[in-house]
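Undergrad: This is what each chain is made of:
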Amino acid sequence: MESRLESSLRGIELIEAIKRAGIRFVVALPDRTTSEYVLKPLLRDPEMRVIQVCKEDEGVSICAGLYATGQRALLLMQYTGLLDSANALCHIAVDANNPVCMMVGLLKKEPDIIPTQSKFYVVRVVEPVLDALQIDHHLIEHPGDVEKIVPAIEAAYQSSKPVVMLIGREPQP
Amino acid sequence: MMKRDECLKVLAGHRTNEVVVAVYTAAQEWIQICPSDLNYTLTGAMGQGSSHALGIALGRPDRRVVVLDGDGSLLMNLGSLVTIANAAPENLVHCVCHNGNYETNGDVSIPRRGKLSFASFAREAGYRNIFTFDNLPEWEKSVAGILGEPGPTFVDLQVEPGNPYKKDLIRLYSVEYRDRFRRALAAA
Numbered sequence: 476m477e478s479r480l481e482s483s484l485r486g487i488e489l490i491e492a493i494k495r496a497g498i499r500f501v502v503a504l505p506d507r508t509t510s511e512y513v514l515k516p517l518l519r520d521p522e523m524r525v526i527q528v529c530k531e532d533e534g535v536s537i538c539a540g541l542y543a544t545g546q547r548a549l550l551l552m553q554y555t556g557l558l559d560s561a562n563a564l565c566h567i568a569v570d571a572n573n574p575v576c577m578m579v580g581l582l583k584k585e586p587d588i589i590p591t592q593s594k595f596y597v598v599r600v601v602e603p604v605l606d607a608l609q610i611d612h613h614l615i616e617h618p619g620d621v622e623k624i625v626p627a628i629e630a631a632y633q634s635s636k637p638v639v640m641l642i643g644r645e646p647q648p
Numbered sequence: 013m014m015k016r017d018e019c020l021k022v023l024a025g026h027r028t029n030e031v032v033v034a035v036y037t038a039a040q041e042w043i044q045i046c047p048s049d050l051n052y053t054l055t056g057a058m059g060q061g062s063s064h065a066l067g068i069a070l071g072r073p074d075r076r077v078v079v080l081d082g083d084g085s086l087l088m089n090l091g092s093l094v095t096i097a098n099a100a101p102e103n104l105v106h107c108v109c110h111n112g113n114y115e116t117n118g119d120v121s122i123p124r125r126g127k128l129s130f131a132s133f134a135r136e137a138g139y140r141n142i143f144t145f146d147n148l149p150e151w152e153k154s155v156a157g158i159l160g161e162p163g164p165t166f167v168d169l170q171v172e173p174g175n176p177y178k179k180d181l182i183r184l185y186s187v188e189y190r191d192r193f194r195r196a197l198a199a200a
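Sequence lines, in order, name chains H and V. Numbered per this note's numbering, the first sequence spans residues 476 to 648. Numbered per this note's numbering, the second sequence spans residues 13 to 200.
A portion of the hints provided could be inaccurate.
Unchecked claim - Pulled from the structure, derived: some chain H residues nowhere near chain V, Cβ distances all over 12 angstroms:
(1) Glu-488
(2) Arg-495
(3) Lys-515
(4) Val-604
(5) Gln-647
(6) Pro-648
Unchecked claim - Across the chosen pairs, the derived CB separations fall in these ranges:
(7) Asp-146/V <-> Gln-647/H: 56 to 64 angstroms
(8) Gln-592/H <-> Pro-47/V: 49 to 57 angstroms
(9) Ala-24/V <-> Gly-619/H: 54 to 62 angstroms
(10) Asp-146/V <-> Lys-594/H: 55 to 63 angstroms
(11) Gly-619/H <-> Lys-178/V: 54 to 62 angstroms
(12) Phe-595/H <-> Asn-98/V: 26 to 34 angstroms
Keep in mind the hints are simulated off the structure, nothing from the lab. We put the CB at the ideal spot given by N, CA and C, even for glycine.
Same shape as in the complex, but just chain H:
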């Protein structure tokens, strides 16, 4: 039988994937799903520069500015911030061909229930909203899903299009 840790999404593996994708700048607002085992370790990591923002749409623009300099970045936030940033995502990420890469915690999503089947309305609408905005997205919920991260980020930079990694459950240490 798998131990609990082996079957859990691990924060350290998410961070290693982010680094393997060539990202050294993380723009972040705390999200309860990822704060403990992703954001806090990133804040302590000397290889990474974390830029804390006051509102998530700032982060879309900061990532775009970093892209203009040839740097790769990740915007780490909660789905509420994603929904709040719809205008910036339309005009800055999609319309302006900026490969804004986002890691978005789906707070409240029930384990092993797909987001569109959640009992929470705001969780259910996230993927349909991303589809309407024409933004690619990937659900990261199990350890095996971590391997989606590097190809997703590479594809975003190859195509100059945004991408969202939806974190479906709280990562463990």
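Since chain H is already given, all that's left is putting chain V on it; use the hints.
TA: Positioned in the frame of chain H, the structure of chain V alone reads:
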């Protein structure tokens, strides 16, 4: 009060190799007053100029970045003052063209027009240097020093419309020009 285009001409006269991020009416005027592939205007959404500039400043700490923001724009992204002060990029100069109006969106006054101190906002947020100018001679005398000082620096430029300039929205919001900017910056 300074005519905005005259104020921008003073800045242009002191520009060497700075990146300039510009928004709305200031951007329309700037790209004609000081054309350069190092002008970045594809900021996409109102209020976001300062945040694009922060990203550029962090990605290229060797290069001075000047943002020509608007007062209505800054009101839409006031938190960016705190974000910028916290990130503390020494190479960022944040200028606000303070005319008290949403000039592009129908010439309507900003809330609390004439009663707000953007310089105080920036000071309390934690910018290193704060300046306010309402006349060209003082601005002309100070601009070279401001461009050379470690920042982040905030400059409240109290302006009014000057001469009319033609609108070139294709240039301002062109992905092709943004990509030209990327190439020019990579080569710089």
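Undergrad: Now tell me if each hint is right for this structure.
TA: Here's how the hints hold up against the structure:
no. : hint                                        : result
1   : Glu-488                                     : holds (27 angstroms)
2   : Arg-495                                     : holds (20 angstroms)
3   : Lys-515                                     : holds (17 angstroms)
4   : Val-604                                     : holds (17 angstroms)
5   : Gln-647                                     : holds (29 angstroms)
6   : Pro-648                                     : holds (27 angstroms)
7   : Asp-146/V <-> Gln-647/H: 56 to 64 angstroms : holds (57 angstroms)
8   : Gln-592/H <-> Pro-47/V: 49 to 57 angstroms  : holds (54 angstroms)
9   : Ala-24/V <-> Gly-619/H: 54 to 62 angstroms  : holds (56 angstroms)
10  : Asp-146/V <-> Lys-594/H: 55 to 63 angstroms : holds (58 angstroms)
11  : Gly-619/H <-> Lys-178/V: 54 to 62 angstroms : holds (57 angstroms)
12  : Phe-595/H <-> Asn-98/V: 26 to 34 angstroms  : holds (32 angstroms)
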